[in-house]
Amino acid sequence: MTSSTQHHHQPGGPREGRRHTPKVDMSGLYQRAFKEAFFKLDPRVMVKNPVMFVVWVGTIITVLLTFNPGLFGPVPDNPVLFNGLIAIILFLTIVFANFAEAVAEGRGKAQADALRSTKSETTARKILADGSTEEVYSTSLSRGDRIKVIAGDVIPADGEVLDGVASVDESAITGESAPVLKEAGSDVASSVTGGTKIISDELTLQVTADPGKGFIDRMIALVEGAERSKTPNEIALTVLLAVLTLVFLIVIATLPTPAAYIDSPVSVAILIALLVALIPTTIGGLLSAIGIAGMDRVAQFNVVATSGRAVEACGDINTLVLDKTGTITLGNRLAEEFIPLNGHSPDKVASVALAASIFDTTPEGKSIVRLAQQQGASLAFDQRTAEAVDFSARTRMSGTNLPDGGEIRKGAVDAIRGFVRSRGGHVPEGLDHAFEKVSRLGGTPLALCQNDDIYGVIYLKDIIKPGIHERFDQLRRMGVRTVMLTGDNRITAEVIAREAGVDDFVAEATPEDKIQVIQAEQAEGKLVAMTGDGTNDAPALAQANVGVAMNSGTQAAKEAANMVDLDSDPTKLIDLVTIGKQLLITRGALTTFSIANDIAKYFAIIPAMFAAAGIGALNIMGLNSPQSAVLSALIYNALIIPALIPLALKGVKFRPLTANQLLQRNMLIFGLGGVIAPFIAIKLIDLIVGSVGLA
Amino acid sequence: MIQDITTSIRTTVVLWLLTALIYPLLILVIGQGIFPAQANGSLIVNDQGQVIGSTLIGQAFSSEEYFWSRPSAVDYSIGEAAAPTGLSGATNLAPSNPDLLALTEERAEILQAANIAPTADLLYSSGSGLDPHISPASAIAQIDRIAAVRNLSLDDLQTLITQNTEGRFLGIFGEPAVNTVTLNLSLDQR
Amino acid sequence: MAQGFFQLAIALAILLVVAPFLGKYMARVFMGQRTVLDPVASPLERLLFSTGGFSNQPSMTGGQYIRAILVSNLVMGILVFLIFMLQGVLPLNPTGLDAPNWDLALHTAISFVTNTNQQHYSGETTYTYFSQAGALGFLMFTSAATGIAVAIAFIRGLTGNALGNFYVDLTLSITRILLPISIVGAIALVIAGVPETFAGPAVAQTLEGATQYIARGPVAHFEIIKELGENGGGFFGINSAHPYENPNNFTNLLTNIIMLVIPAGLILTYGIMAGKPRQGWFIFGMVFVFYAALIAIAAVGEFQGNPLVNGILGEQAPNLEGKEVRFGWALTALWAVSTTGTMCGAVNGMHDSLMPPGGFATLSDMFLQIVWGGQGTGTAYLFVFLILTVFLTGLMVGRTPEFLSRKIEKREIVLASIILLAHPIAILIPGAITLAFPETLAGISNPGFHGISQVIYEYASAAANNGSGFEGLGDDTLWWNLSASFSLLVGRYIPIVALIYLADSMAQKQPVPETAGTLYTDSVLFTGVTAGTILILGALTFLPVLALGPIAEGFAIAKAAAGG
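The listed protein sequences derive, respectively, from chains B, E and X.
Counting from 1, position 451 in the first sequence corresponds to residue 454 in our numbering; the numbering is continuous, with no gaps.
Counting from 1, position 27 in the second sequence corresponds to residue 31 in our numbering; the numbering is continuous, with no gaps.
Counting from 1, position 331 in the third sequence corresponds to residue 338 in our numbering; the numbering is continuous, with no gaps.
Worth flagging that the hints you see were computed from the coordinates, not collected in a lab.
These numbers were taken from a predicted model, which means no experiment stands behind them.
Glycine residues also receive a C-beta, built at the ideal position from the N, C-alpha and C atoms.
Some hints here could point you the wrong way.
[Unchecked claim] Some chain X residues close to chain E (C-beta under 10 Å, calculated; not the full set):
hint: 1; residue: Leu86
hint: 2; residue: Phe88
hint: 3; residue: Leu104
hint: 4; residue: Ser452
hint: 5; residue: Gly455
Looking at chain B on its own, in the form it has when it is part of the complex (with noise of 0.2 Å):
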């Protein structure tokens, strides 16, 4: 296990201060894309890429070409030193495209040997069928094997807990230095990941993953670039430039005959090299550079994805579907007041607020204990002898049970409302005027109640994260609708909803609405990404275009995402749809700029190629002679690629505008600027050309 540094950071903080954890070790790693780039010159490797493979094969035919120039027809002058020249500018190309991928896959690497060394080989105790212990090498183990843990180990595998207690140290992973408690049955905390560490007490674990199958391991291979497999939008794009490449090379094959024609014959090294500068190698050259980036950042994220499509699938959502707590609101709602009813004393009311809450061991159950004692209450009756009734979904209360057999609930309103009808009991009228009082504030009303008696209503109260506003805004700029999920009533969630600048939402929401939700989206041909821990989310993640579990959540819920924020940090998402979307967009800048590269590399080199035709008139940068023309153009498209590395691998910067105006922008920058840019660019490396007297 390499020492992690670990970094505290609020959720919803700022990201600025985000680094990736576990630390990454990039040194050397120029070095090794350099001699990298050179192995990938293997022509098994070469042909994967299409345009780039045409270039190899151009640097073939020139070396020959540089030691027998009369080999294809007509010889240009001083051939050794031209063809010379173009062979070692074809070859430095792809070394340069080749350089760049490395470059890529080598961050890929050092974070991938970063996660990998999480789990580097540990011993597991491997539970036997007849309940014996034996020592296995934690690669032998595989999905559905039991296992021991105990306090000191590194857990071996992903798994879920089956029994015991125990708190884990996930800062290997997650970067958090506080220990988790994980235990049985319980829906967050039940699953344990492969190279965390356990520091007290000991688990039964049943393995859900084989070996190398983890979630760790599908990141390691996506990262390091090994399993990537295209997505889509690569996949067309691949396509479109390899019939370009197709067009140019049908264009460059069909020149002799017509040139031959107007006796201005042209030497087959300079038809190599137009086809070189036309064909888009700019792009075709960065391409799986900017995929393996594109991974690379996901995983700087502190996010796991299982496939690229996933990530690409991220800039194209139109709907983010939200759970308030944790997301848009700070996660823990605090008890803020104490609203008594019904004639009752407020002293009464905190101790029955106390007694009510006093097995919650939620945030807002002890929050709700802690104003109560604030108030002075304390509690009447021996809490062994008391029995906790737990909260559930269908039921929407909790409370306590008391050793005289008295009952005392809190709960949503409507749901405490009938329980106390059921006890025969009646409503008192200042129960709704409170109930809207909170909820107009924003806050979730508990009601709390002792048999048939309403005693009051709890004042939770929400805090909406700050920022989030603007977050929002930028969503809903690039396209973005938000829609929020909370379990809060219809006037408390329309308060939030309001504040936080939510699109939709949906109150009174159980887990069920959730995949409704989705599917309701998903009819009208939207993409949807939604975020969730739950055991009962696993359905509505899976359901998601883009499902993103938090690793503190169930096995199950881990298994239908298809990524899994390390962080467990829910607003994440929005990071995750800029992200697809730089993807996206650097590949369209850089396939925009090769294309309009072209124009200043025909002006440079038609007319030097048919100098014979007197077309001389179109040589409007004046270069210097026609074989300073070629090289000129051919070295620029050979520089343009290191040049170029930096954005492919950062990414063009995202800006949250509309399609409009972010069409505008980039089309100014890679468009206009790609048809303006080489212009200059070689004239600038003809002067220098003709200056040392190259040609």
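Please build the complex by placing chains E and X on the supplied structure of chain B, with the hints as guidance.
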């Protein structure tokens, strides 16, 4: 597939009857019935009932007493070379073709020898090879010669040219054009 | 010069007035709405549908639609080929013409069935009246109607509707659009002087006493559908320069506008059928700008004339080589750009004799294929470019590209790419082969750079289904007939098959709702980017041959004029 073939054949037959039989016959009947002069080619017939040309089709004029027409690549479909079908055609010489330059030089010399200042339409050959028209400028350039040969006043010739000039359509479209066939015919008829 | 450009401006203004009318009308026809022709056309259509055997047939799938196009076109082509080969014994043969060579007959049949009408012959000396009216005239309707049907099916698919039934659309195109306009137009042409007779050539004693053979025939009915259906195959060898095909500036204006209205109108038809009239107008505007620019290029070149000949004239005069006096430089340039832009291919002046800017403009028209574009297919090609643009721009705004709320994915890009490839394959490859054997194969009549233009023009004309030519080329040879047939077939059917599959796959996609993140395609920005994409893709593919052909020729003439 069989279905496609039978539907295709049946469709071909009905559409053939409609577009290749009924439609041409309809236009033929209307043309021959209501506008026979135009439908038969706007032919000019002399007093003896002999066809002497068409108002739309140019003729070769190279003798002194006629206004010359434009150079034609097919010699105005005249002579045995054109029999029996009639011809149309152009030189199709490219602007860069030395032959074009040689031809225009040759024509310019002929025109200059005849004391006619060369004009573009008399140097360049026509598209159809049957162009009945020359530009008013080309007609004016020949007016002195005709006046001398035919012993006519310049004013009379000027009037004849004007009478045989087709203006722009709606005063906008095309170029004013002097019909050499009708102009020369009216010279003969004086 | 001002007068000339004034004519051009007014002609374009007329187009702007007429095209929307036809566009709206065509939309009504194909959306099954009521039109004024219903009382006459509906009973006729019922008769045709039932006789043809396709009444009540359901909408076709992409595969069925393609099969129907291919089979019906094949049947029609065979019929026409047989008529040619038997014309010697068929009626209406006043000059006693025999059957042409098989390869010429084959090329002619393919050329007309593909709506190209490339002619390696002169009408008056090769084909009988029966062949012209009964075979070529027939294909002029059906090939144009096939194009319209493809465009309509494409628009339907693009907008998520069923493609429709090919035979129904084929018939409707004829009964509702082509035939009614043809009848009215043909009568107008007869009145204006275009002959319509089965009588043989007139033999005249000319004023100078020579014998003149005046070819005639059933021209008027043929002439109008020739222009309306973007066919372009002249009744006479010299096409619309012939005084019987195009006797005056009324017929010239009428036929020039007529050849533009359907492709121009169809763009607006799309806008209406897709419920996006604004976008229809944006695309229309973009094409209009291309069109006007190319006219300007060609017109200025013709107006400035041939500097070499101007040297003889002693002044600057328009280039009138191969032109008719009545049309002059401006209307010949207008026609040349219109006919190559719309894939009509009729000519009212000789393109071989156009100045290099005219050669550049006409070649560019055919390379791009969208400056109005062919009957129906041109509109569809426009959308191929729109789809490619959407793909690039969609990526640039960070979304999976979508067009008309449908995602553009691999399949669509593959199909669009096939269309993109058709031209280089059908033009550049045979062009290069032919130029490799200039003595034996090429039949080039003009020396130097212009020879390259002649060869490339012929294949471009075939591949774009245009039909015009640099007619000096000696093209009635086995090589030219067969190799041009290859380009004709590749240029016609590969794109049609790809277009229909593209429409089919778009139709089956689940539409995506529009949001602020959707890239609106009806904006100046997007239209401008589309124009840039079209120009760059076109230029990148064809700039080398343009440089070696008209551009080099232009420089050569300028140099010769300056030096001599």
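Here is what the structure says about each hint:
no.: 1; hint: Leu86; verdict: holds, 6 Å
no.: 2; hint: Phe88; verdict: violated, 13 Å
no.: 3; hint: Leu104; verdict: holds, 8 Å
no.: 4; hint: Ser452; verdict: holds, 6 Å
no.: 5; hint: Gly455; verdict: holds, 6 Å
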